[in-house]
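Asks: The chain contents come next:
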Amino acid sequence: MEIAELMASPLNLAVIVKLEPDFSEGSVSYNSDGTLNRAETKSILGPHSAIASAAAFYAKVKYGAVISVATMGPPIADSALQQAQLISDADSLHLYSDRIFSGADTLATAEVLKTGIKKMEGTGEMDIVFSGHRASDGETGQTGPQTAWKLGYTFLGNVICYDVDIEKRIVTAKRLITLQGTPDVIEEIEAPLPVFITVDPSYRSVFNTVSLRLASVKYQKEAEQRAQNYKNYLKIFNAQQLEVDPKFVGLPGSPTIVYKVERIPKARASRRAEVIDGSDQQQLRRVAEKIHEIVGRVVNQ
Amino acid sequence: MERFDVAIVGGGTAGFSALQQLSNLGKQAILIEAGKTPGSKNVSGGILYSKTPKNGRVYNVEDVFGQEFVTQAPVERLITKYILHATSNDKVFSIDLTPAHEYQSNFAYSVLLTKLIPWFAKQAGENAERQGGGIVSGVHVRGVSWNGDKTIVETDELEPFEVKAIIAADGVNSELAELSKARPKFTPEELYQGVKVVVKLPEEILQERFNIKPNEGAAHLFAGDVTLDHIGGGFLYTNRDTLSLGAVYHYDSLMENPVEPYVLVDRLLKNPLISEFVKDEVAIKEDIDKSLATQEQLRARFAVSKLLKNWGDLRDQYYSRLGRARLVENGRYKSEEEIKARLDSIRNELVGRYNTKFVNDYVELEYSAKLVPDGKRCRMKKPYRKNILFVGDAAGRGIFVGPRIEGLNVGIDDAVRAANSISRSLDRNNFAEEYMGEFYTKSIEDSPYTRDMKEIDKDYLKLFLDAAKAVPVDIVKARYGIIFKLMSSGMLRGLAVGFANILGYDRLLPMVETRETYVQVPIELAEKLGSHTASTYSCTIPTIAQRIAKLRYNDDTLSHIRILDPKSEFMRKMVVLCPTKCYSIEQEEVMLQHEGCIECGSCAKETDWKHPRGEKGIEFRYG
Amino acid sequence: MAASTTLPDPRTIMPVRENSTNSANESEGSYRHLYVVVEHDDSNLIPVTLEMLGEARRLMDIFNARYSSTEKVVAVVLGVNIKKLCEELVYYGADAVICVENPNLRYPINLIDTKVISQVARDKVCASKVSPEYSEEFKKPRYMFFSADNVGRHLSSTVLAELESGLASDINKLVIEDLEIKHEHKTKGQLARYEKTLEMYRPDFSGFLWTTILCLDNRNPAIQREYHPQACSIIPGVFAPLQRDPARTGIIVDFSPELDQADKAVKVLNRQITKSPVDFDSHKAVISFGRGIKDSPEDNIKLIVELANELNAEIGVSLPISKRPYSVREPVSSLYMNSDRVIGTSGRKVAPAVYVAIGVSGAMQHIAGMKESGFVIAINADANSPIKDECDIFIRGRMEDVLPVLIEELKKQKQVMEVHK
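Residue numbers (our numbering), protein chains in the order written: chain D, 9 to 309; chain R, 16 to 638; chain B, 65 to 485.
Please note that the accuracy of each hint is not assured.
Straight-line C-alpha distance at most 25 Å; calculated DSS-like pairs for lysine-lysine [claimed, not checked]:
1) Lys137(R) with Lys226(D)
2) Lys349(R) with Lys50(D)
3) Lys331(B) with Lys565(R)
4) Lys268(D) with Lys348(B)
5) Lys252(B) with Lys268(D)
6) Lys435(B) with Lys588(R)
7) Lys182(D) with Lys452(B)
8) Lys255(D) with Lys246(B)
9) Lys298(D) with Lys476(B)
10) Lys331(B) with Lys305(R)
11) Lys358(B) with Lys582(R)
12) Lys328(B) with Lys176(D)
13) Lys229(D) with Lys355(R)
14) Lys176(D) with Lys331(B)
15) Lys596(R) with Lys625(R)
16) Lys137(R) with Lys229(D)
17) Lys229(D) with Lys305(R)
18) Lys596(R) with Lys50(D)
19) Lys328(B) with Lys565(R)
20) Lys130(R) with Lys565(R)
21) Lys203(B) with Lys255(D)
22) Lys246(B) with Lys268(D)
23) Lys435(B) with Lys300(R)
24) Lys355(R) with Lys372(R)
Far from chain D by the CB rule (all over 12 Å, computed), these chain B residues [said to hold, decoys possible]:
25) Glu165
26) Ser199
27) Arg312
28) Val369
Restraint ranges, calculated between C-beta atoms of paired labels, are given here [what the hints assert, rightly or not]:
29) Glu601(R) with Glu48(D): 45 to 51 Å
30) Lys298(D) with Ala304(B): 33 to 39 Å
31) Leu307(R) with Ser346(B): 33 to 39 Å
32) Lys298(D) with Ala356(R): 55 to 61 Å
33) Arg341(R) with Ile178(D): 34 to 40 Å
34) Ala304(B) with Arg347(R): 38 to 44 Å
35) Glu601(R) with Asn334(B): 40 to 46 Å
36) Lys435(B) with Lys243(D): 30 to 36 Å
37) Glu48(D) with Ser350(R): 23 to 29 Å
38) Lys285(R) with Glu232(D): 28 to 34 Å
39) Lys243(D) with Leu307(R): 44 to 50 Å
Keep in mind the hints are simulated off the structure, nothing from the lab. Even for Gly, the Cβ is constructed at its ideal location relative to N, Cα and C.
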């Protein structure tokens, strides 16, 4: 059988994930100034990180890939790794945790992740690294591509599905490109390994034979068992163990700072409809004027 | 093309029983289920029986899944009380049918299928994997084709694959039955339509209310004015910390006198006895002050949501012996008193800070609907076609005799018989109709359940009549005349039953399954003998739109229903009879206008009706 | 990964306005100009490019006046057959265009684009052609703009990783200021003056807060580093483009990148347009219709299309419409009654300046998709429909009656406006 044959030459994968606040109503809490109350809000594996984990799982089912999941964060971020293991059936979990990492912007974060992934390569060449499209709590999808660039891996963004030709060491992928004012395009590309993939929110693994489905059930069960004992798979690294240069991580390694935070003015009041009689032409004229006023204002701003 | 020995289509109790049985027999089988996860599309009333008939044997759930079923399966409660209530306005006359319920019964559990089916799936799935099979969920079987001696299964999601035999466990709206032309679609006279709401009620409050011990449960049936003049009735079953409240009516009587299915459930909720049964403490959110800044409104909304969630979760645990123990054990609270104190403090914060009010009302969790085949009328005489064997609902097999409503156990019995028949065929590599289909038919015919679909069991009838002893003869005599006289006399009963069975269900049913039985007699009983009941509040019943809004769908962009004749009488009735109001009339034509469809199949008779594609459509949380 | 939005510790950041002792020591001369990375779709400019140029022009005009300098707005464009595009970029505000015409650059591919843009950003020859007077010590651009869409976000990230500088993403307001900064790491707690600093405002994920991000050199001797360009990605649809002005002139500089085989590793095998070109984002107005069209579906859709043309609006529908409940002739039904146009939880979320809901009852699922709109007008015969609570003007009436009058009035308005011009 095809799958068994491929087991001999597995792929080495890494997934980088993030612990994020759970923004669902009933879980999230805000302070009276409108900022997120982090202490009162539960944290979960970010939804995009979950998709990245699912993308890695695809290669586990199809190619018997070996998967490592990594995150940078405080010690409690190990719960994100556990949740990612449950999705991806990861073989090892890596937590990069050190006080000096805190406050890092994306470039400094990418430095830590790059160093971590390079360290994983000690066990064999890394073939694909996955990350989510973006984080839901503000980081807007820069960390993935910056880590890719620092690693020197070819970056493929907005991926909605992929396959690997193990022998030729080539990945083929479909990407969804949505640009303002143009129709969406699905682009099919190929690139030699190693690559760094960020998955589009619409990513879906397609297991299109009964055998693949059955295999995916088998790995899911393995994942459940592993995730129950996730600490057995967990390695924690501080800055020293990771051998990063403190000048390039955390606040010292961040080009950007947050200078100030202020409330966005002009919070719109809730709508109160003015009711107009549709048979009154005068009134409709006023509506027409209003529309022109607004549309014109937007253009001329 | 990939090849497997057996494909089972449909992951309900019957499907998983078949998978388990085939795997037990060392055969390779795969089960294909359209729902994203097993159980997510299953609905039942539901009570699951295990039986030991006097004559012949049936295969019970514990025969298939072992004693682990009794010790481990996530069933709700062991039903130890079975009571029929005749209602008229606020008067109720109750008859204890527990002896009839216990007749030939080893046990009966109330169940919620979205919880129970995953357990079946886990057992059967592990077993099947050892034989090279397993469970494939999220896949919709679209077609089966025969090419020489090859049988090829086509799905919406996977590459086609080849099998030697198929078990069709795809329910009352079986697509396999239609595409293989094994039987015509069921007609309204062959069906019951059931609608159900699951109501939340904390565990110990529920036990106190129904006067039952932990793990034990009660079943209550309702007939009389709550039927709104239809043949059938209401039911209320206790689950662990929920109630299943529903209405199940003969579809033909609904066609004659159409009324929105949810109105029938609403009517039950308006009965004072039922109102009191479902009563709970409910928080009413105060409208947020619209004059506040948007972000302040939002903050308050989120804060209230969170407090309410905490209050609800904690309260559920507090009113559960295990829940309390767990909270103390894991160190979150030092004592039960401390949990209570915390509960009160959250409540006080809600009342004091956010003007939340706490009132008597009820909490509805989920609305669902299902068609139920009446085995007396529609069981397939030859439940096979080529190398496909039909089981359970798909074969039109269910028992509906007076207050006796059974389907899950029948499906399990069928599944074992089908699995055994296929196993025999696999050993001989002979899947011919006369070898496999006929063997299965014979096995099914031998089942005591089939007997119950064909004739009256006089011992059961006696228990039923004994229970109804208190009913004055004059109320029923006038209506059932000679039949009643024969039946109520011990000596003549045997003769009467024998005579009735000669007449057969076909001729008997129109005489017994009437409005008189389900509506008029109960009303008279309640009026004459019933006691007054009263409720301290009236239920705030959600609209159908609110009920639909609470359901979870994975909307399929392709419509799975197509109207064939927008002007037909049947379709015009669907405007009323669709449980989720999917139809409307626009300019004299019936339009399918909103996809709140919960896939009950009420409209299937005159539509091109398919199940949605894999993972699409409704996802139940209780079932 | 730590959040870039971690709120500032008040002890580490202290904007101070009074006199400072430690004054500017910016490496004046090394960093010049504002580079705008152009996005286009096979030589068709997409709106955000023009918006970026417009904002760049405004900022640099103020900058040059204030600092008595002549730094430029430099557009960087990659592609095939882009000569004509270069002129357009000038008409829309660029002082100079660096044009990289190369068959390998036809479609956006992160790997090769990053290489090329980084080369451009560091190229002294290019910079000297753009502006000879500042060519001496040119190292890198002073500022850089990218678009915050699903090409530009990634491209900005990798380019800035290559250039080893800071990036703020999803910006909707920009200011250039001289700032006095005291920062634990950046200035070792000393007060320092950072001139010509780009204040980059980004809306917080909550939607309540504006976070201002700065990209600052490390002046702290222990970790001394220069961080330029100061770069950001810009949310499409926020800034206004300039009027196209063919009288505007500028320099067009051709650039030939140095590419090796590895840079061409990614191959595009196929490109397919997936959706009907429904575009809610680049229209100022969106019109949606629902089951209220039922009395005469086809005629009503005609009226709605006419209104949409009048307002240059995109057309959306409520979910039930996408299931084609009415028999409407092709191609009208396939054009308008399809799932690409659905607005709501199971479709798209839109936030135009004006949203007109016609015959839409206002189911919760639909409201979720349009509630962020600027001004909402509903037309509905049923005064009790829920949409009434979600709109600013509720026109009670049948669309058959209201729409013709409204269209007529809009036409009159347009004439009035044109006369004014």
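Asks: So the hint says 34 to 40 Å: do the beta-carbon atoms of Arg341(R) and Ile178(D) match that?
Replies: violated, 52 Å
Asks: For the hint 55 to 61 Å, verify it against the beta carbon of Lys298(D) and that of Ala356(R).
Replies: holds, 56 Å
Asks: Does Lys229(D) lie within 25 Å of Lys137(R) when you go C-alpha to C-alpha?
Replies: Distance ~10 Å between Lys137(R) and Lys229(D) Cα, so the pair holds.
Asks: Lys130(R) and Lys565(R) were given as a pair; does the straight-line alpha-carbon distance stay at or below 25 Å?
Replies: Holds, at about 19 Å.
Asks: The output says Glu165(B) does not contact chain D. Does that hold with a beta carbon cutoff of 12 Å?
Replies: Given a closest Cβ separation of 21 Å, the condition holds.
Asks: Can the suggested window of 30 to 36 Å be confirmed for the beta-carbon pair Lys435(B) and Lys243(D)?
Replies: violated, 46 Å
Asks: Given the hint that Lys435(B) pairs with Lys300(R), test it: the Cα-Cα distance must not exceed 25 Å.
Replies: Given that 25 Å is the threshold and the Cα spacing comes to 22 Å, the pair holds.
Asks: Assuming the hint says 23 to 29 Å, is it satisfied by the Cβ distance from Glu48(D) to Ser350(R) or not?
Replies: This hint holds: roughly 25 Å between Cβ atoms.
Asks: When you take the CB atoms of Lys285(R) and Glu232(D), is the distance between them in 28 to 34 Å?
Replies: violated, 45 Å
Asks: Within a Cα-Cα threshold of 25 Å, do Lys435(B) and Lys588(R) meet the stated pairing?
Replies: Status violated; Cα separation ~37 Å.
Asks: Holds or violated: are the alpha carbons of Lys176(D) and Lys331(B) at most 25 Å from each other?
Replies: Measuring from Cα to Cα gives roughly 15 Å; hence the hint holds.
Asks: Are the Cα positions of Lys298(D) and Lys476(B) separated by 25 Å at most?
Replies: holds, 13 Å
Hints 3, 4, 6, 7, 10, 13, 17, 18, 19, 30, 33, 34, 36 and 38 from the list above are not met by this structure, while the remaining hints are.
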